[in-house]
Amino acid sequence: MSELNPYCEIILPLPLPGTFTYLIPPLDWGRVAPGSRVVVSFGKKKIYTGIVLKLHDHSPEEYRPKELLEVLDDQPIVNERQLKFFQWMSRYYMCSLGEVINAALPAALKLSSESFVGINPEINPDDEDLDNREWELLRALKTNDLTMKGVSEVLGLKQPQRILKQLSEKGLIDLFEKVKDKYQPKKVKRIRIADAFLEEGILEELINELESKPKQQDVILAYLRDIPVLDNPNSNTLGIEKSNLLSTDVSPSSLKTLIKNEVLVEWEEVVSRLPTDHSKIQGTVQLSQVQEACRRSIVQSFEKHNTTLLHGITGSGKTEIFIELIKEQVATGKQVLYLLPEIALTTQIIARLHKIFGDSFGVYHSRYSDNERVEVWQKVLKKEYQFVVGVRSAVFLPFSDLGLIIVDEEHEPSYKQFEPAPRYHARDSAIYLSTIHDAHVLLGTATPSLETYQNALDNKYGIVELTSRYGEAYNPAMEFANVNRERKQRKLKGNFTSVLVEAIQESLDRKEQIILFQNRRGYASYITCDNCSTIPKCPNCAVSLTYHQYNNKLVCHYCGYNQSMYIDCLQCGSTELRNVGFGTEELEEELKLLFPQAIVQRMDLDTTRSKYGYQRIIEEFEEGNIDILVGTQMVSKGLDFDRVNLVGIFDTDRMIHFPDFRSHERAYHLITQVSGRAGRKSKNGKVIVQTNDPDQELLQRAKKDNYRAFFQWEIMERERFHYPPFTRIINITFKHREKHVSFQAANFFASDIRKNLGSQRMIGPVEPLIGKIRNLYLHEITLKIVKQGINLPAVKEYLKSVEVMMKQMPAFKSVGVVFDVDPI
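Just so we're aligned, residue 15 is where the sequence shown starts under my numbering, counting upward by one.
Only true hints are included.
Within a straight-line C-alpha distance of at most 25 Å, the following computed BS3-like cross-link-like pairs (lysine-lysine) qualify:
id : residue 1 : residue 2
1  : Lys-163   : Lys-59
2  : Lys-827   : Lys-769
3  : Lys-393   : Lys-369
Hints are computed from structural coordinates only; laboratory data are not their basis.
All chains, full assembly: derive it from the sequences and hints.
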């Protein structure tokens, strides 16, 4: 840093275009670098943490730049490769750099400003006519500045704004912003014996002297039981955690006295929040001949292709191959990112990785606390972790030298971020990230996305195939249970066909485990009144409320609105209320009635909200403490259980006939993936699919388990109707509290697109399937852009310019516009 570069461009964590220029104070020259966090004021009062993008010597002509308030980092927390990646993501996914930074940085690294109240030292309150509450607040402010919450607590008022306004008008107080550092390292207090008492004979004398003070003597003896300082004096250096010493029922006051008398020494130590695994490290994985040949083929493919698809059927042993490839990269000093689609899937994989790598790798997902994620971030930054297992947000970590990115179950929709921006796809982002690091990408799946498989056929990606299950395992046999026929024959037991009930009983008799899949949580899809047909709806969204029996509530799965279930219809007072549709909760209840001897567990969003909810359920199932596991798509993703030999699939028709061009692909993926949980070892597995129409073509293709045939059938439809992979899609959504304003804005946008891009590339504007969410009415435009002959970056720039033009019109100023590039 020199006087030639006194300015810096700052990325603020706000949905605003561009960056902002600030002046670097001379005292901070040499301290500011790209990737550093700085504190800046923005607007009249707000204070934000920004990230330095670059340094330069150009003063803006439009405004006089403010000075940086503070430089937070001695070393940048974001590296140059990350900054390049963030800029690409901003351009490609049509969002601001600030939105990318907001998604990328752990919340605890983003300092926030908080409003404070302080007393004005230049004013004498004795000269003012004040009431009791005003005097009470001023007395408190003489000691410390207070937050708004602190003011409320002092005054005993939920809304103290009136009093604050009165004191501010009299000039007695100041309102200002302070920056609060969210990340605090975890510290534990430790205790050891002072060095002076470790000399020969002195410790014995001390114990004898304390006979008249037995509680203090108990403290010393409790310490010596855990820390053998007489046999190993060096053990005293580390000492013992204070909480562990107190847990032995010693007197806290006696411990305090010994510290005060300098017999014991107390100090604080910074420790990691990250969980550790002390299980024995095995260190090796034995690949079969087929797996070893596959590994060699992948390495050879990397010589020609940056990205390779590992297309291996379920149960073929892809994870063992991943582990060997990770070991090879780590041995050369390279970093590895192992992406998984769901937290549920990380639980089993992490347990397997710990047996090979111990605690030498990091785990990164949303169930970690803010502070835990900061610690993973810092360990990656310092290269203390050479590889990380994580969900989609792990692509943002500060890798400096990636050699390999593994995207497991690459077809999964969970890799796509829906809300808020950036609406990125982790698989596609990982492929771009690999080009920055000159790394390779391995996409692993039994059911590739159509786009990925087409890229492999076009030789853009390499492809390696595993066509047989690992060891002596066989592919499960698929059977269809005709729900429609059994309903007519009155054989249904609740939502279960007789075929599935018999199969479950047979599996239970053989002491085998069962997985049941229903991709809808809750008890009933909705409640209806048989007298007046009223269906409870969400007041904020255009959807019916889902009934959850476990807490007796009607819940909106879009905005979270909920209300207590009622006994009488709110419209007509009738008690003839009926459940329509079914979710995992109702299946769980029915299973407990049908099989009272079985232990049933549900795994969905409702039962896994706690930090270790997934882990607890999966461990209990692995240990055989659960007979039947019923769940949503969490149970479909890569889980490996030895004793599962039956899988049941519900409601397939709804998945297949959902009005979306990807519905067949999604249904095929889910049916195949869930089926793959059965018969993972030497026994034959069975899959029973409940459907109203067993003869429909997609189900027959899934039964044959021939992905290539399914692909050829589906790809013709995609080409005929100009859908991916033959086009790129951009969805544009318009949101407003008034329905007609949203529609008019969408029409304004559409007319400009027709004029400049032509109507043949556009669908809409239309009202989507759910036309209102969180009190905002929605309208959509879909753009299909052919891959050849069209400048995609130029199209995106044009669309953003139309948005700017539209927002300049008073009628549309408050309309929200959302761009979703490559929606799924």
